[in-house]
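Given only the sequences and the hints, what does the whole structure look like? Please build it.
2 protein chains.
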Amino acid sequence: MTTDHNTNFDPYEFYAALVAHKLIIPVGVPGAFGRSAIFEDILERFNALVSAHSADDDAQMMTFPPVISRQLLEKTGYLDSFPHLCGTVFSFNGDERQARELSRRVGEKEDWSNTQSMGELVLNPAACYPVYPTFTGILPVKGRTVTMLHWVFRNEPSNEPTRMQSFRVREFVRAGTEAQVSSWRDMWLERSLGIFAKLGLPAHSDIATDPFFGRAGKLMADSQRKNELKFEINVPVISKTAPTACCSFNCHQDHFSTPFGIKTHNGDVASTACVGLGLERIVMALLKTHGLDPTGWPATVRKHLWP
Amino acid sequence: MTTDHNTNFDPYEFYAALVAHKLIIPVGVPGAFGRSAIFEDILERFNALVSAHSADDDAQMMTFPPVISRQLLEKTGYLDSFPHLCGTVFSFNGDERQARELSRRVGEKEDWSNTQSMGELVLNPAACYPVYPTFTGILPVKGRTVTMLHWVFRNEPSNEPTRMQSFRVREFVRAGTEAQVSSWRDMWLERSLGIFAKLGLPAHSDIATDPFFGRAGKLMADSQRKNELKFEINVPVISKTAPTACCSFNCHQDHFSTPFGIKTHNGDVASTACVGLGLERIVMALLKTHGLDPTGWPATVRKHLWP
Numbered sequence: 034m035t036t037d038h039n040t041n042f043d044p045y046e047f048y049a050a051l052v053a054h055k056l057i058i059p060v061g062v063p064g065a066f067g068r069s070a071i072f073e074d075i076l077e078r079f080n081a082l083v084s085a086h087s088a089d090d091d092a093q094m095m096t097f098p099p100v101i102s103r104q105l106l107e108k109t110g111y112l113d114s115f116p117h118l119c120g121t122v123f124s125f126n127g128d129e130r131q132a133r134e135l136s137r138r139v140g141e142k143e144d145w146s147n148t149q150s151m152g153e154l155v156l157n158p159a160a161c162y163p164v165y166p167t168f169t170g171i172l173p174v175k176g177r178t179v180t181m182l183h184w185v186f187r188n189e190p191s192n193e194p195t196r197m198q199s200f201r202v203r204e205f206v207r208a209g210t211e212a213q214v215s216s217w218r219d220m221w222l223e224r225s226l227g228i229f230a231k232l233g234l235p236a237h238s239d240i241a242t243d244p245f246f247g248r249a250g251k252l253m254a255d256s257q258r259k260n261e262l263k264f265e266i267n268v269p270v271i272s273k274t275a276p277t278a279c280c281s282f283n284c285h286q287d288h289f290s291t292p293f294g295i296k297t298h299n300g301d302v303a304s305t306a307c308v309g310l311g312l313e314r315i316v317m318a319l320l321k322t323h324g325l326d327p328t329g330w331p332a333t334v335r336k337h338l339w340p
Numbered sequence: 034m035t036t037d038h039n040t041n042f043d044p045y046e047f048y049a050a051l052v053a054h055k056l057i058i059p060v061g062v063p064g065a066f067g068r069s070a071i072f073e074d075i076l077e078r079f080n081a082l083v084s085a086h087s088a089d090d091d092a093q094m095m096t097f098p099p100v101i102s103r104q105l106l107e108k109t110g111y112l113d114s115f116p117h118l119c120g121t122v123f124s125f126n127g128d129e130r131q132a133r134e135l136s137r138r139v140g141e142k143e144d145w146s147n148t149q150s151m152g153e154l155v156l157n158p159a160a161c162y163p164v165y166p167t168f169t170g171i172l173p174v175k176g177r178t179v180t181m182l183h184w185v186f187r188n189e190p191s192n193e194p195t196r197m198q199s200f201r202v203r204e205f206v207r208a209g210t211e212a213q214v215s216s217w218r219d220m221w222l223e224r225s226l227g228i229f230a231k232l233g234l235p236a237h238s239d240i241a242t243d244p245f246f247g248r249a250g251k252l253m254a255d256s257q258r259k260n261e262l263k264f265e266i267n268v269p270v271i272s273k274t275a276p277t278a279c280c281s282f283n284c285h286q287d288h289f290s291t292p293f294g295i296k297t298h299n300g301d302v303a304s305t306a307c308v309g310l311g312l313e314r315i316v317m318a319l320l321k322t323h324g325l326d327p328t329g330w331p332a333t334v335r336k337h338l339w340p
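Protein sequence lines correspond, in order, to chains A and B.
The opening residue of the first sequence carries number 34 in our numbering; numbering runs sequentially from there.
The opening residue of the second sequence carries number 34 in our numbering; numbering runs sequentially from there.
The hints are simulated quantities; they were obtained by calculation from the structure and are not laboratory data.
Quantities reported herein were computed from a predicted structural model and do not represent experimental measurements.
Be aware that a few hints might be false.
The list makes no distinction among identical chains, and a pair is therefore deemed to hold if it is satisfied within one copy or across any two copies.
Below, computed lysine to aspartate or glutamate pairings styled on DMTMM-like, alpha-carbon distance capped at 25 angstroms [unchecked claim]:
hint: 1; residue 1: Lys55; residue 2: Glu153
hint: 2; residue 1: Lys251; residue 2: Glu134
hint: 3; residue 1: Lys55; residue 2: Asp74
hint: 4; residue 1: Lys108; residue 2: Asp128
In structure tokens form, the structure reads like this:
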């Protein structure tokens, strides 16, 4: 019998290698590092490849800021399911005396958190959220499809490089009948596996669940799994035995359609689905699989990104 | 004597026109609207024009997330000067019982702000902030230049469309000797006026000051003006008499070099300067000047953006 010491990679070694090769730039807070020009070039070229594969989809492009309306999360139950992941934006609304007190506390390294109060914005936790209110009303017969590239936030500080607090997702959202959105979701799963295969990534799809909070969350995850509402594409990046989810393919049933009054052409409550491609994770999957210097990647891979 | 009713435009009329022409997408929170594909196309093409004009600058590209280390703002005095503009990221770190209480308050539309606590991140208030720590140490003889395109945040909700809470800045930062950075700053002011002239924008440069908070802030602004540390390029967008600042050109003296230990090649405390181009404001300046349908813009303007 042999012992396989390579069953798992070392995530911190991979992080250190990304830093040493000037691909990411540490900032002193976990999961909020900077990206170098080389990292960004890979990311932009992957994004362009996705655009090329979806050019005939008639998807409308929208761009929303990294902060969205707090009401949007309140209305969709995000804080019930994922209270631990949410970032809320607080700010100072005091007078001159209070500003001097804030300044004094900062200078003396005292806690200044109670000088801040909650406002109307939260960090966007998933690229698709700001799109749903724009679907309110009756959809056209063929439904609607929107695409975005958004910065999203998750409150999960970690030195494991694929576990970021702030990252970008190329997203597609579809609203229509249940049949329209579920066949579209399945099409994207196949399409994405095809893109990953072209790029030589050892990718596999699997049923998945969202990271619901607490004990009640386990029941929600069980239901989600039973109904096959979420699939992910996984690639080994920081672990061989626990590959990293790089894309997700989600059917929401009426989760967004009911609160935002989204109806199919015949007046029924619509269904929605979304596809999210985690751009930084995909860049890291490419770097792990093909090496930290993209000029040395196989020609069969490079031709798709630098055509 | 005649009365000129056109001395000022109506900012809310311009906002409504941007919405009606599907250039921006309201989200129910002031200054956090979405951008359409047409808006984004103009923005990206202007950004590419800037890249073309600076291609020979040997500027290193970096990309940082919209959230940065809270310590970075504490260390640079941002909270002394601009406490009112800062957005701090709070989150929930409680247990299951506290999560149920958060959920109940959201459901019953009660204040849930005290379920949140301050973390290690703030929203990035100016594109250049995360770059300064990367300059720590001895600079090369020729200094260093970095460029970024970042989302920045300002806590100033307004329905005036150019006054955004979240927007993008194409930024250039230079570190070196006082002479290196101030001549570079002046070069960029001339270069930017040249780009604006090509695009047919009625642009003028002027000495400017930062929006320092309170009475003490007035003294800081006076000193900044006296030392000619900040220039802006203004274009009429929502007012003829108070044109909108679309770019700024800033000398920081040792404001960032001292806290981050940035030294010139001979060991002196370095100087830094930055140039920020407000991308959404420039898009709006183009739309105001040449009309809301870019396909109808003068050929002399279009050739620079759609070459």
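The hints, checked one at a time:
For the homomeric pair lysine 55 and glutamate 153, the shortest alpha-carbon distance between copies (24 angstroms) is at most 25 angstroms, but the shortest distance inside one copy (37 angstroms) is not. In this assembly of identical chains, the alpha carbons of lysine 251 and glutamate 134 lie at most 25 angstroms apart only when taken from different copies (19 angstroms versus 45 angstroms within one copy). In this assembly of identical chains, lysine 55 and aspartate 74 lie within 25 angstroms of each other by CA distance solely inside one copy; the values are 13 angstroms within and 30 angstroms between copies. When the C-alpha separation of lysine 108 and aspartate 128 is checked against a cutoff of 25 angstroms, the pair qualifies only between copies, where the shortest distance is 22 angstroms, while the shortest distance within a copy is 32 angstroms.
Taken one by one, the earlier hints all hold for this structure without exception.
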